[in-house]
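Chains as they are written, first to last, in our numbering: chain F, 10 to 398; chain U, 15 to 298; chain X, 25 to 376.
Hints are computed from structural coordinates only; laboratory data are not their basis.
Among these hints, one or two may not hold up.
As the list claims (entries may be wrong) - Simulated pairs of lysine-lysine, DSSO-like, Cα-Cα distance not exceeding 27 Å: (1) X/K302 <-> U/K157; (2) U/K160 <-> X/K304; (3) U/K163 <-> U/K295; (4) U/K71 <-> X/K53.
Claimed, not checked - Some chain X residues well away from chain F (every beta-carbon gap over 12 Å; in silico): (5) A30; (6) H60; (7) R77; (8) D273.
Claimed, not checked - Covered by chain X, according to a simulated footprint, are these stretches of chain U (three or more residues, beta-carbon under 8 Å): (9) 70-77; (10) 82-92; (11) 133-142; (12) 187-198; (13) 210-224; (14) 256-270.
Ideal Cβ placement from N, Cα and C applies to all residues, glycine included.
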Amino acid sequence: MIGTMAQAAPYVGYVYPNETDIPWSVLIVIYPYITGLVAGAFIVSSLYHVFGMAQYKPVARFALLTAVSFMFFVPTPLLLHLGNPQRAFNAVLTPHWTSAMAAFSYVAGFYICLLLLEIWFAFRADIVALSKTTRGPLGTVYRLMTLGSDDVSPRALALDHKFATVLAMIGIPAAGGLHGYVGFLFGSVKAREWWSSDLMPIIFLLSAIVSGIGLLIVLYVVYSRIRKVPVDQDCMKGLARTMWAFLLVVLVIEGLELLEMFYKRLEGIDMVQRLIEGPIRYGMLIQWGGSLIVLALLTVLIVFRVEGKALVRGLVISGVGMMIAVLAMRWNVVIGGQELSKTMKGLLVYYPEILSHEGLVAVAIVFTCPFVVLWLITRFLSPWEPEPS
Amino acid sequence: MTQEDKKIEVKGSNLVRRNFFLRMLGIGTACAGTWVGSGNLIARAQSAETAAAAAPKIPDYDWNKHKWAFGVDATRCIGCLRCVEACKAENGVTQDAHHFRTWVERYVYLEGDERAHVDSQSDAQNIAASGSEKEFRFDNRYKDAKIEKAFFVPKLCNHCTHPACVQVCPTGATYQTKDGVVLIDHSYCIGCQYCVQACPYGVREFNHVLGVTDKCTWCYHRITKGLQPACVEVCPVEARVFGDRNDPQSPISAFLRNNRVSVLKPETGNAPNVFYVGIDKEVC
Amino acid sequence: MPKHIARLLLLVVVLATAALTAKHYFTDKSYYAYGHYRGDSVAEIASDEPRFRGNEYCKTCHAKQYDSWLESTHNQPVIGKHVKCEVCHGPVGQHPSAAQAPLSVDERIAMGSKAPVAAVATDGKLPLPKDRTKCIQCHEAMPGRPAAQRQVVLAAHAGTEQCTACHDPHSPKINFAILAKAPHGDAAAGKVLAATCAACHGAAGASVNPAWPNLAGQHAGYLVNALQAFKSGTRPNAMMSGMAAGLSDADINNVAAYFSQASCKTAGADPAKALLGKTKAASCALCHGANGVSPSTAWPSLAGQNPDYLSDTLKSFQDGTRNHPVMTSIAKTLSADDVAQLTAYYASTSCK
Numbered sequence: 010m011i012g013t014m015a016q017a018a019p020y021v022g023y024v025y026p027n028e029t030d031i032p033w034s035v036l037i038v039i040y041p042y043i044t045g046l047v048a049g050a051f052i053v054s055s056l057y058h059v060f061g062m063a064q065y066k067p068v069a070r071f072a073l074l075t076a077v078s079f080m081f082f083v084p085t086p087l088l089l090h091l092g093n094p095q096r097a098f099n100a101v102l103t104p105h106w107t108s109a110m111a112a113f114s115y116v117a118g119f120y121i122c123l124l125l126l127e128i129w130f131a132f133r134a135d136i137v138a139l140s141k142t143t144r145g146p147l148g149t150v151y152r153l154m155t156l157g158s159d160d161v162s163p164r165a166l167a168l169d170h171k172f173a174t175v176l177a178m179i180g181i182p183a184a185g186g187l188h189g190y191v192g193f194l195f196g197s198v199k200a201r202e203w204w205s206s207d208l209m210p211i212i213f214l215l216s217a218i219v220s221g222i223g224l225l226i227v228l229y230v231v232y233s234r235i236r237k238v239p240v241d242q243d244c245m246k247g248l249a250r251t252m253w254a255f256l257l258v259v260l261v262i263e264g265l266e267l268l269e270m271f272y273k274r275l276e277g278i279d280m281v282q283r284l285i286e287g288p289i290r291y292g293m294l295i296q297w298g299g300s301l302i303v304l305a306l307l308t309v310l311i312v313f314r315v316e317g318k319a320l321v322r323g324l325v326i327s328g329v330g331m332m333i334a335v336l337a338m339r340w341n342v343v344i345g346g347q348e349l350s351k352t353m354k355g356l357l358v359y360y361p362e363i364l365s366h367e368g369l370v371a372v373a374i375v376f377t378c379p380f381v382v383l384w385l386i387t388r389f390l391s392p393w394e395p396e397p398s
Numbered sequence: 015m016t017q018e019d020k021k022i023e024v025k026g027s028n029l030v031r032r033n034f035f036l037r038m039l040g041i042g043t044a045c046a047g048t049w050v051g052s053g054n055l056i057a058r059a060q061s062a063e064t065a066a067a068a069a070p071k072i073p074d075y076d077w078n079k080h081k082w083a084f085g086v087d088a089t090r091c092i093g094c095l096r097c098v099e100a101c102k103a104e105n106g107v108t109q110d111a112h113h114f115r116t117w118v119e120r121y122v123y124l125e126g127d128e129r130a131h132v133d134s135q136s137d138a139q140n141i142a143a144s145g146s147e148k149e150f151r152f153d154n155r156y157k158d159a160k161i162e163k164a165f166f167v168p169k170l171c172n173h174c175t176h177p178a179c180v181q182v183c184p185t186g187a188t189y190q191t192k193d194g195v196v197l198i199d200h201s202y203c204i205g206c207q208y209c210v211q212a213c214p215y216g217v218r219e220f221n222h223v224l225g226v227t228d229k230c231t232w233c234y235h236r237i238t239k240g241l242q243p244a245c246v247e248v249c250p251v252e253a254r255v256f257g258d259r260n261d262p263q264s265p266i267s268a269f270l271r272n273n274r275v276s277v278l279k280p281e282t283g284n285a286p287n288v289f290y291v292g293i294d295k296e297v298c
Numbered sequence: 025m026p027k028h029i030a031r032l033l034l035l036v037v038v039l040a041t042a043a044l045t046a047k048h049y050f051t052d053k054s055y056y057a058y059g060h061y062r063g064d065s066v067a068e069i070a071s072d073e074p075r076f077r078g079n080e081y082c083k084t085c086h087a088k089q090y091d092s093w094l095e096s097t098h099n100q101p102v103i104g105k106h107v108k109c110e111v112c113h114g115p116v117g118q119h120p121s122a123a124q125a126p127l128s129v130d131e132r133i134a135m136g137s138k139a140p141v142a143a144v145a146t147d148g149k150l151p152l153p154k155d156r157t158k159c160i161q162c163h164e165a166m167p168g169r170p171a172a173q174r175q176v177v178l179a180a181h182a183g184t185e186q187c188t189a190c191h192d193p194h195s196p197k198i199n200f201a202i203l204a205k206a207p208h209g210d211a212a213a214g215k216v217l218a219a220t221c222a223a224c225h226g227a228a229g230a231s232v233n234p235a236w237p238n239l240a241g242q243h244a245g246y247l248v249n250a251l252q253a254f255k256s257g258t259r260p261n262a263m264m265s266g267m268a269a270g271l272s273d274a275d276i277n278n279v280a281a282y283f284s285q286a287s288c289k290t291a292g293a294d295p296a297k298a299l300l301g302k303t304k305a306a307s308c309a310l311c312h313g314a315n316g317v318s319p320s321t322a323w324p325s326l327a328g329q330n331p332d333y334l335s336d337t338l339k340s341f342q343d344g345t346r347n348h349p350v351m352t353s354i355a356k357t358l359s360a361d362d363v364a365q366l367t368a369y370y371a372s373t374s375c376k
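Bound-form chain F, shown alone:
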């Protein structure tokens, strides 16, 4: 909203006068969050496509569609946040390469192309089949997507599979890059004590994977309910283990980061402590409390070899819990970093707007869009194996 400002008030101590106008709003909380979900979903699909773990086959194609649906909306919060979104292409036109942000359009563009190509190869046989049976404008879209070739010979399909594998292999570092890049975006800001850390890319990447797996579990279970098919138990068990492993590592690294920060006690540590006890205390409680509860729950599920409905329920709770905990972590980083004044002598407290284009309603809409798009895409290209009739 033009003319809005001062969404932040001094909380304690001295802050620079300009700091009460918080530069990055809650929209920038949602940006790394959505990116993270993409990276996580993609990693799951790669477990099948690259590493050939057959237990993930039921969700592999679905994970790809999830990744692309969310990827479409990664730039949305960024564009909404820009003061002049119509000039966003300036960053593409004359990218200033010393800026981490200049790479965004290229990294994101590359990644979207990669996802689209991989989906195209993974679904090409389906597309060709659909182009022959579908009438009307939708049929035209399918026919355009075949690029005028209906070659579905075993040889062509084998080639497609090879391409898909290669793309997935490129996709893993790309997904890592995409999200590690977001971490770098924050970690490289030396002016912000709470961000400036070499571990930031790794923490962002690992927590992204955990939240993405959580999202996939939830979506997979919901879709299975809708489709009235049983949830694949092997797949669920695999997802539980993967999530547990990544969660454990991310907790260890985040814990080490905090430990080191407080052990070194560099100048300004008092304010960091007051930040944790003050403006972001609920965020920290949700992030750490949620993560530890999920870790405990997953441990129980794995150790006691829980199966059937109990496993599904436990995993859905873990998935939702992890999505919430990681969202809180994004808030703690993005907002917390700005609530800690650059003076290191004061704190701010941020109050998100409700109705403006940077408000909570906008965030809710942006975050709903990928789900709608995913639903549309799955109608357009079904990722599920045909029912054995």
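Given chain F, work out where chains U and X should sit, using these hints.
Here is chains U and X on its own, set in the frame of chain F:
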């Protein structure tokens, strides 16, 4: 046709296709290469040759002949805040208590206190004292307190030699000029505020009407006409000093010669070009 | 190679070429001219019009004010003090407007003394600092201000009085001669009228009762002010209001002239108290003089005055029966002991 023949034919057609593909790829690459070459690289090469001599068309001004710098003598500052209001008037800065290109901080050590009490003109009590967010003054809250030491510190953009804000600008909307001033191109800025984040000194502010970041320019429109920046022009006590380091007679050259100066937050590696006299360990 | 792969690659090449073409087409021509930015923007930024235009600009029309400022304490380059026009008046900007002055400043300079006098118009004027908030921005005593800066505790220095009552901002050092309008009275004519006053204030202005003021040697300007105040009722007094009501302005001036020229007598007081009072008299000295002889003829001298009268007067300021923008607030800072010692001190200073 035998099975063998078919294979050969398939191979043959494959070969033809492959050749076609390679040629196509070659043409594509060549096209792209030509564009890149003619578009950017040549332009860049040409500009590199001419940039050394060429300068922007500013009447009676050659940026190759100047090297601007700024000095602040905190021992002279009386906290009258004329500089803050002058800057806003000269540069059309948003008229409220949250957007400043320059400001003044007050550091007060009460007797027995280890840490300073710090406030700026934006502090709620000071705004209450002035009665408006368009005029600024320091309230006299410490007049009856036992003071060990107190002083004012003017702040502004440091026009760093290695500006973190320029480093992170994704478009090149903010840049450093040859004469050492960090400017921002309002018609090119996309308003991402990454530079606001990156500045260790908190001197960048966002213009919500234009949707772009704003910053101190050392009044580039004044100094290129031989005038002083507005804050220096109105400072009644010479707490602010500005000039050309290439000119040994300039006020800033004398200031740097005659004083032992320090800079703010040297550990950032930004190498600021605003030099301070009379600041204290608590100045942040 | 299968057809779909070839077409895919073709698509990629076409899109890439289109993207590069678009980059070439949309990139500003001056981009990269001096570095990674739009080269034209430097000159654009430099072309902004300054709003603060400096003293020399103001001087072209306001030479009188400029000259008075030039010699004043507000312009002391030697000690690094420059309170320029725009510090208090704000940026010149586009002032004067065309309605105020049809000629531009440059044209005015070129024409020199032949330039027409500017028409008076209300628009385009710079704001004049109206009250003392402008002065205290620099001169209010405040921790943090360097000692070399002239600072005052406002309540003690001026009470609620405006700064401009005593100071001309263009030349702030008080010029007492200019400040007081010395009345032109005829002392001989005043002597005739003074017979009426003699019953209380003595024929030669030495009061018969220590509760009443001595008038001999008092500044004529102050006596005129006091009588005018009694006459108009702004200073109510049961006795004096009636006495003053019968006096014309000329009478007042004449009486004042007579008493101011009369030779005075020092009242005297307890020397021990007076000694203590001397140490507390610093804040009075600014207006009433270090030895009780006021530097301005508009303000009363206190030297040799009756101590009882002085303490009654201070008490009347304290309890509000008398009001004065400066004296009311100063009197309220004084304890009963302060009053006794200060009045003893002034009573014992020589009025000669």
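Verification of the hints:
1. X/K302 <-> U/K157: holds, 26 Å
2. U/K160 <-> X/K304: holds, 22 Å
3. U/K163 <-> U/K295: holds, 13 Å
4. U/K71 <-> X/K53: It holds: about 15 Å lies between the C-alpha atoms, which stays within 27 Å.
5. A30: violated, 9 Å
6. H60: The claim breaks: X/H60 does not keep its Cβ more than 12 Å from every Cβ of chain F (closest is about 5 Å).
7. R77: The claim stands: X/R77 keeps its Cβ more than 12 Å from every Cβ of chain F (closest is about 28 Å).
8. D273: holds, 57 Å
9. 70-77: Check passed, 5 qualifying residues.
10. 82-92: holds (count 4)
11. 133-142: violated (count 0)
12. 187-198: Holds, because 7 residues of the stretch 187-198 of chain U bring their Cβ atoms closer than 8 Å to Cβ atoms of chain X.
13. 210-224: violated (count 0)
14. 256-270: Violated - the stretch 256-270 of chain U has 0 residues with a Cβ nearer than 8 Å to chain X, which falls short of three.
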